[in-house]
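Visitor: Sequence:
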Amino acid sequence: MTFSIASWLIFMPILVLVLISAGARTLHFYLFEKQFHVSFADAPVYSLFYFSAWSVVVALLFPAHVRELFAHVTLIHYLFLTFLFLVVFPILFHATRKQDGRAEWLLRLSPGEGMLTLGEQYILAKIGDVVFQQLIAGVMILSLMQNGVSYPITVGIFVALFAAAHLYIFRTSGMFWGIYYTTYASLGGFVFTFLITFISTGIVYALIIHMLFYVLSGVLFAKMPRPSKAMHHDLTGPGPALTV
Numbered sequence: 105m106t107f108s109i110a111s112w113l114i115f116m117p118i119l120v121l122v123l124i125s126a127g128a129r130t131l132h133f134y135l136f137e138k139q140f141h142v143s144f145a146d147a148p149v150y151s152l153f154y155f156s157a158w159s160v161v162v163a164l165l166f167p168a169h170v171r172e173l174f175a176h177v178t179l180i181h182y183l184f185l186t187f188l189f190l191v192v193f194p195i196l197f198h199a200t201r202k203q204d205g206r207a208e209w210l211l212r213l214s215p216g217e218g219m220l221t222l223g224e225q226y227i228l229a230k231i232g233d234v235v236f237q238q239l240i241a242g243v244m245i246l247s248l249m250q251n252g253v254s255y256p257i258t259v260g261i262f263v264a265l266f267a268a269a270h271l272y273i274f275r276t277s278g279m280f281w282g283i284y285y286t287t288y289a290s291l292g293g294f295v296f297t298f299l300i301t302f303i304s305t306g307i308v309y310a311l312i313i314h315m316l317f318y319v320l321s322g323v324l325f326a327k328m329p330r331p332s333k334a335m336h337h338d339l340t341g342p343g344p345a346l347t348v
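Position 64 (the sequence shown) corresponds to 168 in the numbering used here; numbering is contiguous.
Keep in mind the hints are simulated off the structure, nothing from the lab. Note that the coordinates shown come from a computational prediction; the quantities given were computed from them, not determined experimentally. Here a beta-carbon is modelled for each residue, glycine too, at the ideal position from N, C-alpha and C. Please note: incorrect hints may appear among the correct ones.
To be verified - If you anchor each label on the Cβ, the simulated ranges turn out as follows:
| no. | residue 1 | residue 2 | range |
| --- | --- | --- | --- |
| 1 | M328 | H176 | 35 to 45 Å |
| 2 | K202 | Q250 | 41 to 51 Å |
| 3 | G205 | V142 | 36 to 46 Å |
| 4 | S277 | G205 | 33 to 43 Å |
| 5 | L119 | K327 | 36 to 46 Å |
| 6 | R171 | R330 | 25 to 35 Å |
| 7 | A264 | K202 | 18 to 28 Å |
| 8 | G205 | Y288 | 36 to 46 Å |
| 9 | L119 | D204 | 21 to 31 Å |
| 10 | G252 | I195 | 43 to 53 Å |
Said to hold, decoys possible - Listed below are the simulated EDC-like cross-link pairs for lysine to aspartate or glutamate, each with C-alpha atoms no more than 20 Å apart in a straight line:
| no. | residue 1 | residue 2 |
| --- | --- | --- |
| 11 | K202 | E224 |
| 12 | K327 | E172 |
| 13 | K327 | E208 |
| 14 | K327 | D204 |
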């Protein structure tokens, strides 16, 4: 396919959004994790404000798209999201931590995975990140669709971009987490594109599903039995033996 000037104009917003997403993620990694050695769970308020600020940047650069994303979202929707994110999900983490404990064996291997802590503060920190990601995703999808890109191609582009956006995890967190996040990101690409394209309040469902992924992942790993030494090797590769 030959790319004309019109084609480049169609994909320019996508490039800008990719650069914003990559820049925000890279800065967070080097500033929070490398410089100050803190994770989402360690600095929930700072993480919330950090990604909220980047969400404002997206809203200022693409005001029409953001308005369209939230055009049909009512006060009831906002209250429901607030109740889920600040009441239901923290209670679920708290109840799981009290009943099953944390997956200490996995948390020792992956201390940066805040969902494994089952701490309520992790959910607070993750709200800003999830909203930022969904704004990026929503604006990308609307931009492609409004510029005449067909739904199947939009799905393919977004699935590829959303999966690629998680490839850095292979480097920062290892093979297991890289595969875990990238696989679900690919699946999420299908779901989020459908929600934003065909459901007027799709952004609400996308936010819930995205946050629910982290919450249910934390619960799932807490309820998993401690692995055998052979399974530990399969999950993390050669390394110090895990006491079981």
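Visitor: Give a verdict on every hint.
Guide: Right, here's what the structure says about each hint:
1. M328 - H176: 35 to 45 Å: Roughly 39 Å apart at Cβ, these two residues keep to the hinted range, so it holds.
2. K202 - Q250: 41 to 51 Å: 48 Å, holds
3. G205 - V142: 36 to 46 Å: 23 Å, violated
4. S277 - G205: 33 to 43 Å: 22 Å, violated
5. L119 - K327: 36 to 46 Å: Once the Cβ atoms are compared, 42 Å apart, the range 36 to 46 Å for K327 and L119 holds.
6. R171 - R330: 25 to 35 Å: 49 Å, violated
7. A264 - K202: 18 to 28 Å: The hinted range 18 to 28 Å is violated for A264 and K202, with Cβ atoms some 41 Å apart.
8. G205 - Y288: 36 to 46 Å: 24 Å, violated
9. L119 - D204: 21 to 31 Å: Violated - the Cβ-Cβ distance for L119 and D204, about 44 Å, lies outside 21 to 31 Å.
10. G252 - I195: 43 to 53 Å: For G252 and I195 the Cβ distance comes to about 45 Å; the hint holds.
11. K202 - E224: 12 Å, holds
12. K327 - E172: 40 Å, violated
13. K327 - E208: 11 Å, holds
14. K327 - D204: 6 Å, holds
Going down the numbered hints, you'll see the structure goes against 3, 4, 6, 7, 8, 9 and 12, while the others check out.
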